[in-house]
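S.K.: Each chain is listed here by its residues.
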Amino acid sequence: EDKVVQSPLSLVVHEGDTVTLNCSYEVTNFRSLLWYKQEKKAPTFLFMLTSSGIEKKSGRLSSILDKKELFSILNITATQTGDSAVYLCAVEILNYGGSQGNLIFGKGTKLSVKP
Amino acid sequence: NAGVTQTPKFQVLKTGQSMTLQCAQDMNHEYMSWYRQDPGMGLRLIHYSVGAGITDQGEVPNGYNVSRSTTEDFPLRLLSAAPSQTSVYFCASSYTDRGTEAFFGQGTRLTVV
Chain D
1 EDKVVQSPLS
11 LVVHEGDTVT
21 LNCSYEVTNF
31 RSLLWYKQEK
41 KAPTFLFMLT
51 SSGIEKKSGR
61 LSSILDKKEL
71 FSILNITATQ
81 TGDSAVYLCA
91 VEILNYGGSQ
101 GNLIFGKGTK
111 LSVKP
Chain V
1 NAGVTQTPKF
11 QVLKTGQSMT
21 LQCAQDMNHE
31 YMSWYRQDPG
41 MGLRLIHYSV
51 GAGITDQGEV
61 PNGYNVSRST
71 TEDFPLRLLS
81 AAPSQTSVYF
91 CASSYTDRGT
101 EAFFGQGTRL
111 TVV
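These protein sequence lines are chains D and V, in that order.
The numbering used here applies: residue 1 is where the first sequence begins, and numbers increase by one.
The numbering used here applies: residue 1 is where the second sequence begins, and numbers increase by one.
With the rest of the complex left out, here is chain V (with noise of 0.2 Å):
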């Protein structure tokens, strides 16, 4: 059971490039999330879906795009990175109709030159 798997662990982007975070789950869970950490500033939350076909914003939704097109799947796109997105990235997921604890990816550390 490979539970939350993102990639890349690693990234190094210029000012202004693209780039697509991946993050699937093998458990059938309908909400997955994505956070991004901060030193000093814990977890906060980016975009999350409650199912395919459904996303909405978090706390710091900008320069962020999210799609849900299968249960299993949730991209985070950086349209034009900045160096205020330098942070390690996380995506988790959870059932959404029980009390349940949610999963986490091993973390992409993304780093905007």
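Next up, chain D with everything else stripped away, as it sits in the complex (with noise of 0.2 Å):
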């Protein structure tokens, strides 16, 4: 059965702090593995990983895949209250014909940044 577990499930951290959200996988048919942001409502694209060890960033936040371990992180520096939000790791499996394929979520990890 495929799955995608993040880890922790939720932090509480103060503004400033660097935080390392952490998501492994074990999927048959692995495309990629994507992160996105949520906050109220639909969750936002953040980043798509599909090369082990090339690190993507966008200003303080950053990812990295590793392929042989089956897993990946999300690094946020100087952390900011903006930041509070649940991240999703997904990972996309290839379904029949190798075409696009389905997005295995895991269950989130909740940040709270405090002031």
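Simulated from the structure, these hints should not be mistaken for lab results.
Worth double-checking, as some hints may not be accurate.
[Claimed, not checked] No farther apart than 25 Å at their CA atoms in a straight line, the calculated lysine to any residue pairs in the SDA-like style are these:
1) D:Lys41 / V:Gly42
2) D:Lys37 / V:Leu79
3) D:Lys110 / D:Asn29
4) D:Lys57 / V:Ala24
5) D:Lys107 / V:Ala2
6) D:Lys67 / D:Ser51
7) V:Lys9 / V:Ala24
8) D:Lys110 / D:Val12
9) D:Lys40 / V:Leu79
10) D:Lys37 / V:Asp26
11) D:Lys3 / V:Lys14
12) D:Lys3 / V:Asp26
13) D:Lys37 / V:Lys9
14) D:Lys40 / V:Leu110
15) D:Lys40 / V:Phe103
16) V:Lys14 / V:Phe103
17) D:Lys40 / V:Gln106
18) D:Lys41 / V:Pro75
19) D:Lys41 / V:Ile54
20) D:Lys41 / V:Gly53
21) D:Lys110 / D:Met48
22) D:Lys110 / V:Ser49
23) D:Lys67 / V:Asn62
24) D:Lys37 / V:Arg44
25) D:Lys107 / D:Asn75
26) D:Lys40 / V:Thr111
27) D:Lys107 / D:Val12
Reassemble the complex: the two chains are provided individually, in unrelated frames, and hints are given to aid placement.
M.R.: Given below as structure tokens:
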């Protein structure tokens, strides 16, 4: 059975702290790993990772994938209260015919950043 | 560019009623999907479609039907609502032939009483 496990499930930090969110997976037909940020409504896209060892960065956020050990991390440096959200990790698997795959989501990490 | 549009945003149903959640996208995406999100459960795939006329079941399809008569629209039908279907529903779309992210609608909060 395909599964994606995120840890920790919740985290409380203070502004300025650095946090690392973890995502491990066991799936067949891996295509990519995606990170989303979810505040009140729809998940918004952060990163897509397909190759091991290549860090993707966007401002204070960065992410990297290890396809050998089957995990990814999402780092947030100098956290701000606006980073408070649920961070979702999803793995895209290829469906039949090798076309676009379905997303298997982890349960998310709820990050709370205190002023 | 509207992206993915879901209607309604909120809905209360009585047990046994039926309804359709609407989803439309204007990005010419082949792939569309429906997820439900429950507390502590993440997003779980209900049904998906890789193009007009093609649909398939996801992880939790029971109690739901879908159809895909056009590229733009992918409605989700609840045949006979049950309290266990109380959830937040998200529609998403993406391309099939390239590795791109899924774009999500704003969600429908459904309560079945």
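S.K.: Determine for every hint whether it applies to the structure shown.
M.R.: Do the hints match the structure? See the list:
1. D:Lys41 / V:Gly42: Measuring from Cα to Cα gives roughly 13 Å; hence the hint holds.
2. D:Lys37 / V:Leu79: Not OK: lysine 37 of chain D and leucine 79 of chain V at ~32 Å, beyond 25 Å, violated.
3. D:Lys110 / D:Asn29: violated (28 Å)
4. D:Lys57 / V:Ala24: violated (31 Å)
5. D:Lys107 / V:Ala2: violated (28 Å)
6. D:Lys67 / D:Ser51: Holds, at roughly 7 Å.
7. V:Lys9 / V:Ala24: holds (14 Å)
8. D:Lys110 / D:Val12: holds (8 Å)
9. D:Lys40 / V:Leu79: violated (28 Å)
10. D:Lys37 / V:Asp26: Holds - the C-alpha atoms of aspartate 26 of chain V and lysine 37 of chain D are around 23 Å apart, at most 25 Å.
11. D:Lys3 / V:Lys14: Since the Cα atoms of lysine 3 of chain D and lysine 14 of chain V sit roughly 34 Å apart, the hinted pair is violated (cutoff 25 Å).
12. D:Lys3 / V:Asp26: Given pair lysine 3 of chain D, aspartate 26 of chain V is violated - Cα atoms ~31 Å apart, limit 25 Å.
13. D:Lys37 / V:Lys9: holds (20 Å)
14. D:Lys40 / V:Leu110: holds (15 Å)
15. D:Lys40 / V:Phe103: holds (16 Å)
16. V:Lys14 / V:Phe103: violated (30 Å)
17. D:Lys40 / V:Gln106: holds (9 Å)
18. D:Lys41 / V:Pro75: Between lysine 41 of chain D and proline 75 of chain V the Cα gap is close to 20 Å, so the pair holds against 25 Å.
19. D:Lys41 / V:Ile54: violated (28 Å)
20. D:Lys41 / V:Gly53: Measuring from Cα to Cα gives roughly 29 Å; hence the hint is violated.
21. D:Lys110 / D:Met48: holds (20 Å)
22. D:Lys110 / V:Ser49: Violated: lysine 110 of chain D and serine 49 of chain V sit about 30 Å apart, past 25 Å.
23. D:Lys67 / V:Asn62: Violated, at about 33 Å.
24. D:Lys37 / V:Arg44: Given that 25 Å is the threshold and the Cα spacing comes to 16 Å, the pair holds.
25. D:Lys107 / D:Asn75: holds (18 Å)
26. D:Lys40 / V:Thr111: holds (17 Å)
27. D:Lys107 / D:Val12: Between lysine 107 of chain D and valine 12 of chain D the Cα gap is close to 17 Å, so the pair holds against 25 Å.
In the structure shown, a violation is registered for the earlier hints numbered 2, 3, 4, 5, 9, 11, 12, 16, 19, 20, 22 and 23, in ascending order.
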